[in-house]
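Participant: These are the residues of each chain, in order.
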Amino acid sequence: MSLINKISKITLVSAVTAFALSATPTLAETLRLLTWGGYAPENVVAKFTAETGIDVEVTLSNNEEMIAKLRATGGGGFDLAQPSQDRVAGAQAEYDIYKPMDLSKIDASQFITSMLDATKAQTTLNGEVYGVPHVWGTSGLIVDSSKAPDVKDYIDLCDTKYEGKVSYRLKRPTLIGFAFSMGLDPFAAYSDTAAYEDVMKQVEAKLIDCKSNVKTYWSGGDEIMNLLRSGEVVAAMAWDTGGWKLNADNPNISFVAPKSGALGWIDAFVLPKKGKADDAAYKWINFVMQPDVAAMITAQAGNFTASLGADAMADDALKARFQASFPPEAIDNIKWYPPVPAGLETIEGGVLDRVNAAK
Amino acid sequence: MIGPRTKLGLILLMSPLLLWLTTLIIIPHLDMLYVSLREKVGVRLYEFGFGNYMTFFTEPLYWNTFARTAYMSIFATFLTLLIGFPIAYYIAKIAKGRMKMALFLLCLVPFWVSELVRTFGWMILLRETGVISSFLQWSGVVNQPIEMLYNDGAIMVGLVYTSMLFMVVPLITTLDSLDDSLIEAGYDLGGNGFSIMKNIVIPHAIPGIVTGSIVVFMLSLGNYLTPILLGGKSSLWFTGMIYSQFITRFNWEQGAAFGFLLLGLSSLIVWLGLKFSGQTLAKTMG
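Chains as they are written, first to last, in the working numbering: chain A, -19 to 339; chain B, 129 to 414.
Please keep in mind that the hints were generated in silico from the structure rather than gathered at the bench.
Pairs of lysine-lysine residues, derived as BS3-like cross-links and limited to a Cα-Cα distance of at most 25 Å, are as follows: (1) B:Lys361 to A:Lys127; (2) A:Lys100 to A:Lys85; (3) A:Lys339 to B:Lys361; (4) A:Lys253 to A:Lys263; (5) A:Lys79 to B:Lys168; (6) A:Lys151 to B:Lys168; (7) A:Lys132 to A:Lys239; (8) A:Lys100 to A:Lys79; (9) A:Lys151 to B:Lys361; (10) A:Lys181 to B:Lys168; (11) A:Lys239 to A:Lys186; (12) B:Lys361 to A:Lys141; (13) A:Lys253 to B:Lys168; (14) A:Lys49 to B:Lys168; (15) A:Lys145 to A:Lys127; (16) B:Lys361 to A:Lys181; (17) A:Lys132 to A:Lys145; (18) B:Lys361 to A:Lys132; (19) A:Lys186 to B:Lys361; (20) A:Lys191 to B:Lys361; (21) A:Lys315 to A:Lys186; (22) A:Lys253 to A:Lys100; (23) A:Lys27 to A:Lys85; (24) A:Lys225 to A:Lys127; (25) A:Lys145 to B:Lys361; (26) A:Lys151 to A:Lys49.
Just so it is clear, the structure is predicted and the values come from calculations on it, not from any experiment.
If we strip away everything but chain A, and leave its shape as in the complex, we get (with noise of 0.2 Å):
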């Protein structure tokens, strides 16, 4: 047939010709910027080149690919990374991917100071820091409340009124939040293996009893966010921002901080093992917590920054959504997610396994 043939040719020189185009060298200074979504929005970006000439590329990823990326390469590949706080000294201990900040070169003003202190704290590994915060947020529930007004707490997710129109990740945010919501305390237990154990083990038979009630274990951001938006799903354990952006849409529908407590993250900036350019890297974070700056990101990515004076600037209607998901007994109950030792995702994947396969 000359038209496969002709077919395969196309497609071997389009592939020639996109293979040549992405080899093409850079001559400018480079920040290659491993990051999640709308962290590093274009105007900032834009802004940022025009002020100091750097060219940012940007990677969008999650968790769990950064630290595989990372270690694919033994920290090579990327100037600037922003796993979750929880995540650095772990992954560093395990696999030597980063290297430690020179904290003379940022500018501690423009950070929320008890912010700085707590990250700082959490990634520091043989007195070494590793990590600085950028972001914060958190996860719990979004709910549509005329059609599931009594969810407030994880496990209300498994009442059988819902029964097929409820949905949660099977990942390790859903086994925390569960276990709070059944009065354990999983990071009580983070280092004592055989107390985590077992309080995976209560986790795993309230997870798999509850299966029947789940529609799907959703896996990416706009899975959920279509589900509840269509109405196939009406309670979900979700982020913050799903929930808000929802609302915008949808006044029945927002997040709301579970009875247990939300689960607080805090994405950091680390630096690559074998990152290239660490000045801009340290440029960038500068650059980047100026309040207005800062304000820039939250508009674009939904969550608040650790840029002191910034939620100030941040838009009216997203901090009414904020205060009204979170009152302020709430936030005093967010639990923030200690250092994750390393070793333990062994055991959370044993669980999340068996839940996948239960019947």
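Got chain A; can you put chain B on it based on the hints?
Facilitator: Positioned in the frame of chain A, the structure of chain B alone reads:
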């Protein structure tokens, strides 16, 4: 006798292929093999051993997931053949001229967009508030939304759709090479549609069927997106398991061992399939 000049020519001609094979296939696989034989005993501490392979056989979960993946891939291959054969026969034998080209192109068109987009297309069709469910409600066939997504049937639809082209193309090629006069002779000798299909067309098309089946089986077995996106709560797929070992568990050693097991076991299934159908790889590919 091969002169030195022909030898140099041979080396030069082979070098791109050899370079490709060693740098992109052989070296990474050797590295994977090495990783799969390391057992993790502590932080940054590894020991040589077969423990990662043993996990597969001692933990029923992994073994069952592989069996399920293989079984569903075989079923998907069979369904693809069942649907693809009449299509290929029509295009190769019945359609003529521009119609033939147009039909062939129609088979090809869906592959101009990425697999992800095609899978999302199916999600839009099958979901509870999706096109098919809404249409059925509108036409009064059902009176409440029906969920067709998130089950094994949806995975099957996705797999068959994704791999249809790879079955149809080899079938068209082999059926095209079947001389029409053989079919006419069959009728002259008193055969009917069924016996001609059974004794003339299918035996001739066997190489195409086997090639198509091997490709479709391997594609289904190695598919990642379709089972993850269309499958439901219990839809484990072996490639998904390898992904989660590598990425979410940080357990490269286990993931690499699973990768090699997938390679070995799928080759075994293909070999068994060839034995069973009395074919050899050389005959099919040649």
